[in-house]
Amino acid sequence: MTEYVELHARSAFSFLEGASTPESLIQRAAELEMPAMALLDRNGVYGAPRFHMAGKKLGVKAHIGAEVAVSDLGERLRPALYLPHLHPIEPVRLPLLVQSPIGYKNLCRLVTRFKLREKKKAEGAALLRDLEELGEGLVCLTGGTEGPLAAALVHGGYDAAQQTVERLVSIFGQQNVYVEVQRHLNRQEEHRNKAAIRIARSLNLPLLATGGVNYVKPYDREVLDVFTCIRHRQSLDTAGRLLESNAERHLRHAREMQQLFHDYPEAMKNTKELSDRLCFELTELGYEFPTYPVPDDETMDSFLRKRVDEGIRKRYLPKNNQALYRKAQAQAEHELGVIKRLGLAGYFLIVWDIVRYCRNNSILVQGRGSAASSVVCYALEITIVDSVGLDLLFERFLSEERGEWPDIDLDLPSRGDRERAIQYVYKRYGELGAAMTANVTTYRNRSASREAGKALGFDKQTAERLSSLVSAWEWKGPSDTLANTFVAAGLDMKNARILKYLEMCSRMWDLPRNLSQHSGGMVICQGQLDSVVPIERASMIDRTVVQWDKDDCSDMKMVKVDHLGLGELAALKDTQYLVRQHYGEEIDYAQLPQDDKVYESIQCADTVGVFQIESRAQMSCLPRTKPKCFADLSMQVAIIRPGPVTGKFVNPYIARRMGKEPITYLHPLFKPFLERTLGVPLFQEQVMQVGMVSGNLSGGQAEELRKAMGGKRSDAVLASLEQQLNEGMDANGFDAATKAEVMRILSSVREFMFPESHAHSFASIAYTSAYVRFHYLAAYTCALLNNQPMGFYSPATIINDAKRHGLKVLPIDVQHSDWRCTLEPLKDEERTKYAGPVALRLGTLSVKGLRQEIGTAIALARETNGPFESEYDLQRRVPPIRKAELTSLAHVGALNWTGEKHHRRTALWRVHRAAQSVGPLFEHIRDEEDSTGSEPLRMMTAEERLLADFTGTGLTVGPHPMAYHRTAMNYRQVVVASRLRDMPDGIYIRISGAVIARQRPGTAQGFIFLSLEDETGISNAIIHPQLYEQNRVAVTRGKFLRIDGILQNQDGVVNVRASAVHILDVGDIDMQSHDFH
Amino acid sequence: MYAVLHPPNFSTQAAAKSQPELRRLPFALLDGEAPFERVYAANKAARLLGVEIGMTRLQVESFAEVVIRPRAIDDETSAQLSLHEIACQFSPRIEYVDRYSGTYALDIQGMGRLFADSAQLANKLRHRIMAAGFVANVAVASNFHTAVCLACAHQGVSVTPSGEEAAAMAGLPLHVLGLEPEQEATFSMWGIRTCGELAAREEKSLIARIGQPGRRLHALARGTWSHLMLPMEPSFEAGLVEHIELDFPVEILESLLFVLSRMTDALLVRAKEKARAIALLRVVLLLDDKTRYERIVRPALPLQDTPTLLKLMQLDLEMHPPQAAIVGLELHAQSAPPHRAQHGLFLPQAPEPGRLEILLARLRKLLGEERVGSPELTDDHRPNAFRVVPFQPPVPLPAKGALGKEALTAFRVCRPPQGITVMLQGDSPFRVFYEGQRYSVLEVAGPWRVNGQWWSKDKWSRDEWDVRLCADSLERVSRIAFDPRTQRWYMQGTYD
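Going down the list, the sequences are from chains A and B. Residue 324 is where the first sequence starts when you use the working numbering, and the numbers rise one by one after that. Residue 367 is where the second sequence starts when you use the working numbering, and the numbers rise one by one after that.
It should be emphasised that the hints constitute simulated quantities derived from the structure, not laboratory data. C-beta: ideal position from N, C-alpha, C; glycine also. Please note that the accuracy of each hint is not assured.
[What the hints assert, rightly or not] Within a straight-line C-alpha distance of at most 30 Å, the following computed DSBU-like cross-link-like pairs (lysine-lysine) qualify:
1. K817/A to K825/B
2. K1206/A to K1171/A
3. K825/B to K540/A
4. K823/B to K823/A
5. K825/B to K783/A
6. K823/B to K783/A
7. K663/A to K629/A
8. K1206/A to K570/B
9. K570/B to K1224/A
[As the list claims (entries may be wrong)] In silico negatives: residues of chain B with every beta carbon more than 12 Å from chain A:
10. L391
11. A498
12. G499
13. G544
Excised from the complex, chain B in its bound form (with noise of 0.2 Å):
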């Protein structure tokens, strides 16, 4: 025996119960992007008024009366589960029916010790769930598809008796059986409304024209098609979490390695027996202040190994470390396949993974996030412009023709670039103040012009000079830049 419960127009009543002011007004709710939000649900005053489900903002607003809300996922998931844990208290083999949201069926064969019969489950699960404040109807029939038919279709409580679950569908309207809008077309055209006409039809004739989801149906409107329930069971990923409260504040990182390393052996041997390892760590810090604080280590391969990912939590973690005393910890693990290579022979040996993560996680520490990687030029006018990816190391360069014909000029970038005083002849660099030292423009080329980014705020601009300095003995071949925007002159480079 099925019981299936459905709270019908579940995204209006999940904004009701977190908006109470909503409950006395018509109301609708709108989903998609700005401005081209449609009517996701309403409910049943609005549509009265004439609200209809895939309206535009501008035509629901043309209704003075409707309340026009945006439709909160947060407020359907927790609404959801509330009612997931209403069905549980009654059933411990439940599945959640994903074609209706916040529709559940429970599997009630042999809960006759705890309540009476199936009427008697029924009407305490909907008591249940209107104390609960919500408004659902729930049905109970020996076919898991005819109680969830019964359930969207009729109000309150239905039972039905096993082996009358045709007589039960016979009066219901085709739609339940969730046809594809061609099957729902087809059906329109032959007239057929409702599962008993439908079911009137021979199984034969519907496979000769509509296929086999013709026998489908066809058995689904006679109460007769079987389902293979698939009861939820709590995940392998979601049980991946270790947590543990402390007696009393830790404020010393060192202290709680002892037990994250715990908890990290506890997870791997978990991750081990499925032959999978870590390839991501969400460390969870319960704070002093009742604040939580979150950390993600995330190492470059999925590792297998404690000391490993200890050390990168431990650098993380010191990196950032948490504004108060810890009082709690919870360690969320993200399995993944191990990694495996195979080494060529002849290739270079290249460091081991472990590390080489834990090398570039102290580099970081050390340098700051940013800093470590390896750079990237991008498409970009931005003199010198670059960006720093994930530390890749080079691939090696074929032993000949690396380099062009012509002996390149090399260019050595001050990063970040030197702030310098210039005096000008006309528009052009006479003598340049760097690094304490006076020098004369020996030669100048220039300006060369460069600026973009004008459709934004990051509006850019650089009049580049190419100079020969001089001072004293002193000879340099540099790049020096002009900012119109901030006035400031700057050294970029110089030339070898």
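Isolated chain A, as found in the complex (with noise of 0.2 Å):
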């Protein structure tokens, strides 16, 4: 160990004023053999927890601190005003080191106030108030050119300067104070120095000597010159002097500080002294466990208890199975005492207490994750997942030995009821009682390519189709790099500054870029969250963030509540509303019966819009899985995910489902816990069981592999669990070839996979959506439209589906229609001839151009006054209208009603007179023309309404776009969707339609599979990857595509392998596509 320690560095979470990362910082710090090191970056501590773990981990005490601006004590260094420069005004910085606990909670509050004063989100400045009433704990050093000491000295002089230290001793204390000395090889700065030495003597303060570190190797200047650029918005050409005048500020070993300082030997002793004397380590960061309001006689833990003796009655009572109760009263016993001891009971409570407030205020809310595994969760009505009946497993959620704290995730109706949510828990806990978590936006690919280039000269423009070179596809092949992408795109490889941007793309990848907020993640704590960690603003109004992220949180042990949105609630719920008013009948989603018929149209990939089972790769599944119950959906929903696909567990699962395969295990021993998946690890939690089964690995390590799940850490957990999975194995008696399947079962721990309570969760949500499309389609599908966008199709395939389950669908008609859809009463008549006692209208949120406001006012004039009599009435009923508003509803024949009916161009003729201004003084009189209307114009043709309703609106309510062509389709013998199910494998065949989805899945090796929709139907086509590189535009481009190929129909699953691709010409109906690139 040395006897110089590191105490003044930013790393890259000084957002663009750092070119390293902490960890990075602390890894050279202990290479360089340092007891310690601090980090102080600008205004927060955003990377102090990453900092402090990696310390611990390298044995290198991290100390904690940041550089506060501080707007009274002047304007922070800038060139003198001879010399040209684009330096800003800044307020200067003054470095605090942390001493003590207090001092930690000071810093977070004085970070906090000033970031909180601030209307929006700013990076703010505190005030020499401020420091007065919160510098106990804190050390503060006099800083370098960003100081106010250096800033005193060549504003104000000599004098000056010392009347800045003074304050500063006035604030902090005589031992408190610290003059800085740094040396990066610069003359004004050693000028500076002289002065500050002078100071410190005069004044008995000790001298310090600091790196005035931004990066960790003189080779990373060029980052932070890029960054610099980046946050001056400056080319590296025209930055000047705001980039570095050298590359010293790196961080140095001892021997090399001892040769720069030479000459103040003490102010390098006084480095070991300072460190010593910093006694703070962010693990006395003072969190507590949030706490709750509860009545006087009672503690949170026996109020819990009640609540969840209540729960148990309620939930389990009506089950009927007093086995199944006293079990479940028996785990509830369980859980509540490991909560106790814990002392967990206040965050459940407050969980509780959000669920109630949602419950109370109808938001439709469900707890998601691992917590569906907690019986005590089940009855606080938090989860829908009956844990006990199901048999999961509570340790997966919570667990003393485990050390680790549970995390409760909501699911939210999408936007206005999750945001009411969220306000609630800001106004129950406070603004300094509770925030969202933070989301750290590092440098990918496209944001690095585009940034880099812009600071190394391209022109805005270049720069930002140059970063959308980036391939798009998910599925990237061996030479989708950035270098060749740019060789692709005709660039100069060997032009330097070329080969120069390429590299600073690299280098800048994964550092931070800035802070934004987590969608959902809440950390609460009672009022006192801002001494825990500092609080700012986010950009979002009412919305304050922490400056951590949610990785960060759980690694400084705090708990949160993820708010998240599911834009799936919000169409349940609207169902909910729907078919109470439609139906009179009222849907209870907790006590839906299990429905043998709901199970059948599943059964049959039946799920346009059934919520997780509608893609393309579940439909291609279910007719084979046959999913006939809960248990069976659950397992449904969590095989396609990326785990389960690269692990290669698909195929084994569908085989044994059908009974094509024998059920087998690779080993008895995984028998207990495979038996209920036939065998094949589907859930996280089986993934870890065959580990610690099978290599005797313990909870803890078992728990490290689940952690590295889907992330990048996975490869080097793995790494490094594997001498003792082969051990273990040897001592449990595996072969070889077993050995190595079982290597590769964990390997798919690369790769996200569901937790088994989780598949619950989302089940539940999905056998719901099932049962209300099923039962109730009009409601479901009017619920849908009004949500969207969400899940895999457009709304042209709801309705056409919709359509062909017999809904009738009424087109937008403003004497009828809402913004949103609605639900109308079939006539008598029509009963017989539709599913269902319900038409569903259109409402005008599909006009493409038409404001909400609009249409909300269109309904409210015509629900007052009564219908429109006329284009003009309309006109002058609604003001505000504009004239292309006007003109998007005659041309989607929204217009066709208003009076007497007449077509869409004789509307289109009047909305052009009637938007034409007449002038203040015949605003409100008729015209002959006004009363009895002309109709000079002929009628649209069939294709010009068809592509009216596609460019207006997006979908038709008349006939499918494929059903014009049909007689052409015919003379080709092209086959209809409907009938592909009835041809036999194996034949060539040849199919036409729309393209309604388009992937590119990152799992399977570059096909690309579409899914085209007719008049009758869907149907698939699988495009081989050397069939796309020949028909890319077709492919990636054509929205109706006829494709020949050989039929698969195996099974029940149907698809085309494609050997051609054309365009078809059907006009320039812009039919959407979801692509999933």
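Taking the hints as your guide, dock the two standalone chains into a single complex.
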């Protein structure tokens, strides 16, 4: 260990002011044998958890601090006025080191205070009075070029500098101010150092040598320069003095520092002394589990117990199964014990409170993830999965040994309802008591290439386009590297600047770019969160965010609640309302019966619009797996995930379900936990158990394996466990082939798999949506359309599917349509012709370019004063409506019924006149044409109407576009989708239709899957990579295709293996395709 | 009467004219900056294969048989000149139709003496164009716009008798009217596809719906929209040219001055007639070796003074003399409003602009182009980085407060830095050899390290030292620098 400790370093978490991650800084400190190191990022402790965790692993003590902007200590040093430069005016930044737990709390509060003083997301700056109030426990340095001493020296001379230091001494105390000297081989800096040393001597303050580090190695200065350009929106050629003047701000060995500061040995010695004084580590965070206010005669544990007892009775007594009830009681007792010992009762009550709020305010809510393994969560109505009945492992959620805290994720309807729930938490726990977790945006392929391009002087448009060259398909071929993309784009790879560009792109990857808010994760700490981690404003109004992301919060042992938005829940909530209104029935989603007919519809892949099982891959499995019960559905939901697919578990599972393959176990030891999934691991827990049983892994090791699942660390974790696994398998008598297979199974942790509890949660929503779709098709379709965008298919496909199921869909009509889609009772004579008692009326929300307030105003004007007499009448009664909006309505036929029934072109002719301003004098005067109307234009043809429908709304209620071309298709021997199922396997066939989905999954070796829709249904085609290369334009851009190939019709699953792809000329109809690139 | 010639797909015709091998091939012209070019034009064969205007290079490359060429503006300019010349042979009054490349409208009123009738004129015009290697449609009508529309829509020659414009227009598609995208969308929605259908609407109804443009379009569709022809005339600026051919080659510049003076006078007279001055002179020397030699003289202010302009040209040509004897001269001028300045009574007298210009030109001749002007510091870490900008007299400083409170140390910079020899002790300079003198280093501070431009080939690096040097009784405080890339030492300058 050396006698030098680096006490002033910035990481890339100083967002664009540092060029190395905290981990790489501390890694380098370890290599340089430093006993400790401090991280002082700009205005926060963003990188502190990673710095601390990495330091813990490497045995380097991680000191925490921050450079805090102080507005009344003057402006930050800038080049002299006579020198041209682009430096903006910024306040000086005071380096503060945390000495004690109180200091850490004060630092967090200080940062929070000035960050929240801002009205919106901003850097902000502290005031000296904040420092006076919250200076305890902090050690202050006088800083380098960013600091107050350098600024005062240049702006006011020696006397001003001395006064500034005296002011700092008066705030922090004589013992807690160090005069900092940095040496970056800069003449002006050395000049300032001389003055600083004089001040230190005169005030009897200790000197402190620091590196003013911005990066690990000199080479990293280039990244910092590029970051500087990005920060100041300049290019390297124009940034001038904003850039570093040399590459000396790197981390140095003690020996080098000793040479640099040979004339001030005490400045070196003081680093070690100060480091020894800094006794705070991030383990002493002072975070306490949140508390929940309970009545005076209760403790949180007793209060929770009562709630759970009530819940168990409510949930289990109606099941009329005493054994199950008793088992649930026993399990609840066990879980409550664990919760009590871990002191987590407050956390459960807080989540219960949020759920209760949602229920009382008609917000659908459901817990997902591992929480579904807990009967306490079931009893508190946080989850809807009966963990006891399904025999789920509670320890997967919460265990005393693991020392890890629970993570409850709540699914809420997207948009408004979710925001209401989040705002409730803010209101309940105060601005300083709850905040969203952060999301650290890092430089990825596209953003790195765009910003590096701008910095290197490529013009904005070129940089944007270059970044768009990066291959966007999910699956990337071996040649899809950034370098190859550039070569393909015609860039000269011998050009030094282009090479530098490419190099900078890769060096910037994964460095933090900025902080945003996590989609739904919240941390709660009754009124004192600001003393645990600084809180700042998010860009979204009324939201605050902590400075750490969810992994950092988890590493710091903070519990969080995730409020995730799920469009499907919003659709289900709307369905519930519509069913009550139009069917006169009440649906209780918690008590839906298991309906065989619903399962039958699922078995034949009739699942367009059904949550989770509507995708092309799911549809191709359903006819084979034929789910018959809820457990089957859970497995079905879990099966089409990257883990089972790459682990090659899908096909064996399907074969075993179909009885084509015997159910065998790799080893008899696996039977107990693989039996229910037919010997094939489908859930996370099963892979963990394979590891535990075969390799004698401990619960902790298996848990480590689970945490690495789907992440970059999985390979490293697996490698670290390999030896133990091999030894364990040898001990258990596994043969070589079995060992290899076990390792292969474990390697599937590279990809994501569902935990069983989560699969159950999702399966329950999937079943619910299938149930309501089967029984209340009109209501469910209406709700789906009102909550777009969501799911796999476009509204056009959803409507076509519903029509094939007998739903009557009525067009948009201003005399009947609201903004959202609605239901209308069917006339008596229509009841036999269509399914259900109601028809679906499209809302004006589908009309492109129509504002919501206008759609609503039209409905209101109609309800208030009756139907519109003409287009002119509509314009007069809804004055804010624009000409373009009137035209859009007329174009899609929504005005055909204003006054006497007329065609779209007449409406168009009239709206163009109605929208033309006649001036205030004649505004309300009807003229001749207004009352008589004129119809000089000819009617639209069917094709024109279709085109207008798709251009104006993206869908049509009339016949499918392919129906108009059926004769021509018949002539070319094209087979309709509905007939494919009855055709023999292996024949050569032609299909055609509108492309409704394109997929190139990462797991399919470059194969592309297309779904085509015609008037009878959906057909599927598989495109070989070679065929794709030959027909790139057709496959990626063709709206309507004809595909020739061999029909595969096996076990009810129908595909066409394409041998030729042709674009069909069906006019300019803009069918929407959901492309998953 | 108007005759309009319109070469369809002009860009591809121009390309095929300059590259005849393209005539038999399907080809597309790409425009835009690599690698983001898009198809700008394609010939019929390529369009039949499926090439569309606006396709990216990648898309068009997927058509194996289509030849791809970059769009050549020069080819188009030269093709347009050919068409221009042909048009001029048929009428003295011609107008270029901006909306369509290569399209000219000719006023053929009164051309009856040369051509039997309009049809004959149109046929001859077309034949002449075809003989020049282009395909063009020619339309004759008494309404200018009708003729333009017909030329765009009808292949070959079409002649519309006066009064039958509406009938001739009736069958044409609407796009010939040059609609705005919004109007095109509106008419498409209304299902109106031809000019006849548009003409059949009531004018009042159209105006009530699409405003005053409706009136124009309606009249255009009926062939009644009038046009004020603006025939192309040579511009005043283009006329500011003088040229002369010499009887024998001249090698001595002085002897040219007499000629140049006369030419400049002639140009100035023309400029002064329009109350303008000369802002730029382009001197083109036709040399004995058949080459052209060009110089540009640009006075700081527009001048109306022949001697000054002449002197500037003389100094410039003396600085940059041609490499062969001169056989001809061209003088092209650019005019500008003359400079007028209001002098302040109490402002210091500035030199007269013309004389200052000559002085600067003399200095440039003496010292070189880039060494005359005002120095300006640049935003760069490079030591002593500055650039020379056009001479600008310094703004007079206010009487007080110009200098800071502290006395500044002056530093005399060696430009260029002088090479020196340095002996080191450890990493620090110990002895310096400079201008034949051996100096001992008494005190040293440094190194001060600066480097930059790492992203380009102008990458640079310096380690600087401030040293107190002593040799016998001579003592000086200097700044020396080491360049790690060349491994050489330099004397940067001396502190006063």
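Results for each hint:
The suggested pairing of K817/A with K825/B holds, with an alpha-carbon distance near 18 Å, which does not exceed 30 Å. Using a Cα cut-off of 30 Å, the hinted pair K1206/A and K1171/A holds, with the two alpha carbons roughly 13 Å apart. With a CA separation close to 19 Å, the supplied pair K825/B and K540/A stays within the 30 Å bound. This hinted pair checks out: K823/B and K823/A have alpha carbons roughly 11 Å apart, not beyond 30 Å.
Our distance criterion of 30 Å between C-alpha atoms is met by K825/B and K783/A, whose separation comes to about 25 Å. Our distance criterion of 30 Å between C-alpha atoms is met by K823/B and K783/A, whose separation comes to about 23 Å. Proximity of K663/A to K629/A is assessed by CA-CA distance (about 14 Å); at most 30 Å being required, the pair is judged to hold. A hinted pair counts as satisfied when its Cα atoms are at most 30 Å apart, and K1206/A with K570/B qualifies at roughly 19 Å.
Annotation: proposed proximity of K570/B to K1224/A holds, straight-line Cα distance about 25 Å (limit 30 Å). Interface exclusion of L391/B from chain A stands, the closest Cβ pair being 21 Å apart, more than 12 Å. Every Cβ of chain A is farther than 12 Å from the Cβ of A498/B; the closest lies at roughly 36 Å, confirming the non-interface assignment. No Cβ of chain A approaches the Cβ of G499/B within 12 Å, the least distance being about 33 Å, so the stated non-interface status holds.
With 12 Å as the threshold on Cβ separation, the claim that G544/B sits away from chain A holds: the shortest Cβ distance comes to roughly 21 Å.
Every hint, counting from the list given before, is met by this structure.
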